[in-house]
Amino acid sequence: MSTTPLRLKELSKKEELLTGGHRLCSGCGAPIAVRQVLLAAEVPVVAANATGCLEVSTTIYPYTAWRIPWIHTAFENAAATISGVETMYRALRKKGKIDRKIKFIAFGGDGGTYDIGFQSLSGAMERGHDIVYICYDNGAYMNTGIQRSSATPLGANTTTSPAGKVIPGKLQPRKNLTKIMAAHGIPYVAQTTPAHWRDLMTKVRKALDVDGPAFINILAHCNRGWRTGTNTTIQDTKLAVETCFWPLYEYENGRLTINYKPKEKRPVVEFLKTQGRFRHLFSPDNEHILQQIQEYVDREWEALLREEAFWKDQEEETAS
Amino acid sequence: MGKKLALTGNQAVATAMKQINPDVCAAYPITPQTEIMQRFATFVADGEVDTELITVESEHSAMSACIGAAAGGGRVMTATSSQGLALMWEMLYIASGMRLPIVMPVVNRALSAPINIHGDHSDSMGARDSGWIQLYSENAQEAYDNVIQAVKIGEHPDVRLPVMVCMDGFIISHSIESMELLPDDVVKEFVGEYRATYPLLDVDHPVTYGPLVLPDYYMEFKRQQHEAMLHVKDVVLEVAKEFERISGRSYGLFESYRLDDAEIAVVILNSAAGTMKDVVDSYRDRGIKVGLLKPRLFRPFPYREVAEALGNAKVVGVLDRADSFGGFGPTYMEVASAFTTNGARPLMLNWIYGLGGRDFMPEHAEQAIQQMVKVLETGEVEVQKDYLGVRE
Ligand SMILES: Cc1ncc(C[n+]2csc(CCOP(=O)(O)OP(=O)(O)O)c2C)c(N)n1
Ligand code: SF4
Ligand SMILES: [Mg+2]
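Those sequence lines, one after another, are chains B and P. When you number the first sequence by the working numbering, it's gap-free, plus one each residue, and the end is 320. When you number the second sequence by the working numbering, it's gap-free, plus one each residue, and the end is 712.
FYI, nobody ran anything at the bench for these hints, they're computed from the structure. For clarity, every value in this text was computed on a predicted model and none was experimentally measured. Check the hints yourself; a few may be wrong.
Calculated cross-link-like contacts (lysine to any residue; reagent style SDA-like; alpha-carbon spacing at most 25 Å) [said to hold, decoys possible]:
| no. | chain 1 | residue 1 | chain 2 | residue 2 |
| --- | --- | --- | --- | --- |
| 1 | B | Lys103 | P | Asp370 |
| 2 | P | Lys597 | P | Val710 |
| 3 | B | Lys206 | B | Leu304 |
| 4 | P | Lys542 | B | Phe75 |
| 5 | P | Lys634 | P | Ser576 |
| 6 | B | Lys263 | B | Ala303 |
| 7 | B | Lys95 | P | Gly512 |
| 8 | B | Lys97 | P | Tyr518 |
| 9 | B | Lys179 | B | Glu308 |
| 10 | B | Lys95 | P | Arg515 |
| 11 | B | Lys14 | P | Asp522 |
| 12 | B | Lys94 | P | Val527 |
| 13 | B | Lys97 | P | Val506 |
| 14 | B | Lys14 | P | His525 |
| 15 | B | Lys103 | P | Thr375 |
| 16 | B | Lys97 | P | Thr517 |
| 17 | B | Lys97 | P | Leu373 |
| 18 | B | Lys175 | B | Asn259 |
| 19 | B | Lys97 | P | Phe510 |
| 20 | B | Lys273 | B | Glu287 |
| 21 | B | Lys101 | P | Pro526 |
| 22 | B | Lys95 | P | Ala516 |
| 23 | P | Lys542 | P | Thr517 |
| 24 | B | Lys94 | P | Ala516 |
| 25 | B | Lys95 | P | Glu368 |
| 26 | P | Lys542 | P | Ala516 |
| 27 | B | Lys95 | P | Lys338 |
| 28 | B | Lys95 | P | Pro503 |
| 29 | P | Lys597 | P | His438 |
| 30 | B | Lys95 | P | Leu373 |
| 31 | B | Lys103 | P | Leu373 |
| 32 | B | Lys101 | P | Val527 |
| 33 | B | Lys97 | P | Asp370 |
| 34 | P | Lys609 | P | Tyr623 |
| 35 | P | Lys553 | P | Ile566 |
| 36 | P | Lys338 | P | Thr354 |
| 37 | B | Lys97 | P | Glu368 |
| 38 | B | Lys95 | P | Asn341 |
| 39 | B | Lys103 | P | His525 |
Model the full assembly from the supplied sequences, consistent with the hints where possible.
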């Protein structure tokens with residue numbers, strides 16, 4: 001089968017598998033990511049979706065925006081649900097009842113993935129199902145009204161970590177789920193954004209190609225939760241990458257590659273200052289939090305660089 | 321006819337599952353169910369079944385995976401008990417709401433706290449409104465027979481609902497009894513090929529499972545579940561007839577024991593019904609007209625049929641192995657509702673017994689019947705809900 005080149009001209013001719021007319025907010029990052037994911041896939045895909053903005057807004061009965069087989073069961077179990085679908089596929093294929101090649105994708109928000117769905121995700125990955133789990137991380141429980149999750153960045157103002165008179169927003173840094181998934185030793189793990197569509201689609205293709213579980217963490221802008229306009233989605237997302245708040249990297253069979261290194265790493269405040277959820281941090285009292293966020297970003301970025309250097313050294317050693 | 325064997329309840333159920341040979345099963349351990357899925361894992365490892373086994377990391381995921389697999393378009397089973405069933409709660413409603421005919425043996429066990437691994441019906445009784453069909457089994461033979469029939473009941477085109485097959489933890493799951501197994505090919509032919517409706521894996525005809533349904537349509541979905549449940553009684557009887565042809569064993573919606581002319585009727589589920597039947601016999605020997613009704617189909621509850629069967633009794637005592645704190649036991653409530661269908665007004669009593677696996681002894685059965693004899697004489701119920709075999 002020929003593969004559609006990752007060029008806009010060719011891609012624009014492919015059928016969109018998530019149709020317009022859904023009720024996600026304009027400018028929402030999630031459907032942009034999903035459309036890119038589905039455009040990247042070159043084989044039929046069956047998807048599971050955790051409860052959340054993406055799920056509720058795309059399947060308001062009697063309508064559905066999905067042109068692929070799609071299942072939503074609950075919030076914390078997209079990984080378990082898709083593992084059941086994939087297992088039935090193997091069972092029926094073994095018996096000759098299905099002869100098509102089908103791939104399986106689960107979509108979950110950060111709440112449904114980092115928090116309540118973490119156990120089922122970890123279990124499905126450990127069991128080695130041939131599935132791709134995609135987290136669209138918008139940094140909070142958006143569908144229920146912007147509550148903090150373990151993906152919410154340090155200092156962010158959410159409805160359960162409000163910036164108050166004595167507590168200045170979320171006190172904890174975000175959990176590094178991409179690294180945790182890499183620690184599962186699965187064949188493919190990556191982090192990307194829809195503002196880097198070629199990177200995203202290349203990663204989706206790699207994830208679908210591997211035999212076994214893959215995980216992709218996609219930063220998904222949410223103008224409601226981030227407190228921005230609806231027209232800055234791509235701009236704000238690019239800043240997350242340029243400041244190294246959200247680096248683009250991947251683990252292929254455990255080996256790390258950083259896919260993009262900004263020529264000049266921009267200070268994280270450039271990412272923070274465009275978003276209302278961090279506005280309170282720019283008062284003189286909270287300067288130390290901005291500093292903490294910068295330190296956190298630096299530490300994570302440097303750890304990535306060191307790790308990549310380690311792999312390069314390894315290669316040179318084996319080569320020499 | 322099949323062959324006679326000495327098997328525990330768990331072994332019998334695992335054997336039924338082997339003979340059914342489902343496409344996908346999920347396994348997670350919990351006492352006293354563990355042995356079922358453990359044995360089944362051996363069948364998978366030895367190639368005795370074609371099943372793909374998902375060894376999930378929790379019961380919540382077990383039911384989630386079963387739902388995904390069943391939506392995929394094949395036959396699916398798992399088994400659980402107690403806390404495991406409690407952890408599945410959310411997913412039970414989703415399995416039935418999606419009309420997926422998953423079959424699940426439930427080895428009845430008490431619920432925490434305090435933690436207790438022994439048999440009572442708190443687990444499955446709590447799930448009685450989850451939209452699952454519930455069959456109860458007195459012994460290993462009935463559990464085996466019910467599991468095989470459950471496949472056909474749940475998958476019937478007029479039904480398409482998940483089924484729980486309940487049996488008592490330890491008392492049945494771990495006791496050896498002599499029973500009869502059907503030949504493998506007979507079971508295979510009986511359950512037949514699975515017919516998928518709207519399989520998720522049909523990529524040429526994409527379907528959306530589990531959409532958001534707002535107040536404009538939600539009630540129609542729920543009403544349809546009730547309609548499907550209304551078909552269950554007929555299907556249970558039809559399947560029972562077919563099953564009798566292959567097994568020689570006959571089943572109904574419930575079992576009536578010496579009930580025809582009974583003035584006193586006892587209603588009791590599962591293993592304790594065996595003990596109760598012996599005690600009924602001894603009272604009959606003394607000339608007291610007592611009989612027993614043992615429900616088999618608890619959901620949907622056959623109200624009219626139960627009321628008719630109990631029609632002549634002046635005193636009805638319902639023994640529950642599960643409590644509703646501050647209310648009557650679950651079986652009592654159903655039997656009391658049953659009389660609204662025919663207007664009968666027997667005097668009713670409710671006993672809670674055997675919680676957390678406390679033995680149900682003949683003297684407990686006698687105590688209840690003795691009390692009912694007194695009520696029959698005096699026409700007065702002093703204590704409507706009481707406990708058997710409990711320290712004061
Ligand atoms: C067991 C359970 N707990 C809570 C909820 C309520 N709930 C539905 S969606 C949602 C938020 C989802 O957040 P996330 O996964 O980050 O996705 P987003 O809405 O941000 O896209 C919550 C808390 C639920 N549906 N089920
Ligand atoms: S609230 Fe945020 S995540 Fe939800 S639809 Fe709107 S922009 Fe998207
Ligand atoms: Mg979110």
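Okay, the hints, checked on the actual structure:
no. : hint                  : result
1   : B/Lys103 <-> P/Asp370 : holds, 22 Å
2   : P/Lys597 <-> P/Val710 : holds, 22 Å
3   : B/Lys206 <-> B/Leu304 : holds, 21 Å
4   : P/Lys542 <-> B/Phe75  : holds, 21 Å
5   : P/Lys634 <-> P/Ser576 : holds, 16 Å
6   : B/Lys263 <-> B/Ala303 : holds, 18 Å
7   : B/Lys95 <-> P/Gly512  : holds, 15 Å
8   : B/Lys97 <-> P/Tyr518  : holds, 15 Å
9   : B/Lys179 <-> B/Glu308 : holds, 13 Å
10  : B/Lys95 <-> P/Arg515  : holds, 14 Å
11  : B/Lys14 <-> P/Asp522  : holds, 21 Å
12  : B/Lys94 <-> P/Val527  : holds, 23 Å
13  : B/Lys97 <-> P/Val506  : holds, 23 Å
14  : B/Lys14 <-> P/His525  : holds, 18 Å
15  : B/Lys103 <-> P/Thr375 : holds, 21 Å
16  : B/Lys97 <-> P/Thr517  : holds, 14 Å
17  : B/Lys97 <-> P/Leu373  : holds, 18 Å
18  : B/Lys175 <-> B/Asn259 : holds, 21 Å
19  : B/Lys97 <-> P/Phe510  : holds, 21 Å
20  : B/Lys273 <-> B/Glu287 : holds, 13 Å
21  : B/Lys101 <-> P/Pro526 : holds, 15 Å
22  : B/Lys95 <-> P/Ala516  : holds, 15 Å
23  : P/Lys542 <-> P/Thr517 : holds, 19 Å
24  : B/Lys94 <-> P/Ala516  : holds, 17 Å
25  : B/Lys95 <-> P/Glu368  : holds, 15 Å
26  : P/Lys542 <-> P/Ala516 : holds, 22 Å
27  : B/Lys95 <-> P/Lys338  : holds, 17 Å
28  : B/Lys95 <-> P/Pro503  : holds, 23 Å
29  : P/Lys597 <-> P/His438 : holds, 23 Å
30  : B/Lys95 <-> P/Leu373  : holds, 15 Å
31  : B/Lys103 <-> P/Leu373 : holds, 19 Å
32  : B/Lys101 <-> P/Val527 : holds, 18 Å
33  : B/Lys97 <-> P/Asp370  : holds, 13 Å
34  : P/Lys609 <-> P/Tyr623 : holds, 23 Å
35  : P/Lys553 <-> P/Ile566 : holds, 20 Å
36  : P/Lys338 <-> P/Thr354 : holds, 16 Å
37  : B/Lys97 <-> P/Glu368  : holds, 20 Å
38  : B/Lys95 <-> P/Asn341  : holds, 12 Å
39  : B/Lys103 <-> P/His525 : holds, 16 Å
Comparing the model with each numbered hint stated earlier shows that all of them hold.
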